[in-house]
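Student: Counted from 1, the sequence shown has number 80 at position 85 by my numbering; the numbering is strictly sequential.
Simulated from the structure, these hints should not be mistaken for lab results.
Mixed in with the good hints, there may be bad ones.
SDA-like, lysine to any residue: derived pairs with alpha carbons at most 25 Å apart [claimed, not checked]: (1) 101 x 139; (2) 101 x 85; (3) 92 x 154; (4) 92 x 119; (5) 101 x 53; (6) 92 x 107; (7) 92 x 118.
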Amino acid sequence: MRIIKSLILAVALLACAAPGAVRAQTCNNQFIGAIFNGYTALTVTSLAFGAYSPASGTAAQSNVQVTAYCTGGLLGATLPPFTLAMSTGGGSFTQRKMTAGTATLKYQIYTSAADTTVWGDGTGATSTVAGGNNGVSSQTITGYGVIPVSQYVTPGSYTDTITVTITY
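Working from the sequences, and respecting the hints, build out all of it.
Tutor: Set out below in structure tokens:
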């Protein structure tokens, strides 16, 4: 049986961008998750970029963990094979965007630390992430968040909403 469930995740990222090379600010960013009721549940950890300076020459990076759980069925049930897909959020798969009022801040979520494959829905140059069938009742998959350098935007709270879809 093929089951598809979607979960709306609010990406609340306090993105701090200093208007000059002299200033940097510390950011406490959060990728907020919710839990499905039923056979499979998802949780998502915080995504904290820390200090971000657009003139630093180094992209701000952080990880987010998406954990799938088997919450029902027989005792000791294991995760069935599944795939996790992410929506574009406020931008596109080419460039996701967070907003604070009318200001935007570009970011991306990748499937590996190499930052080469965008975690998306499998269309274009994006990829979904496969998991499950691992003999245990949960599995954690890491996403790799990046805010590129040289984005001179007004400091503030930038947000986006991503839909994560699990198919099993």
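Student: Next, verify each hint and record whether it holds.
Tutor: Results of checking the hints against the structure:
1. 101 x 139: holds, 14 Å
2. 101 x 85: Answer holds: residue 101 to residue 85 is near 10 Å, not above 25 Å.
3. 92 x 154: holds, 8 Å
4. 92 x 119: Roughly 18 Å separates the two Cα atoms, so the pair holds.
5. 101 x 53: holds, 14 Å
6. 92 x 107: holds, 20 Å
7. 92 x 118: holds, 18 Å
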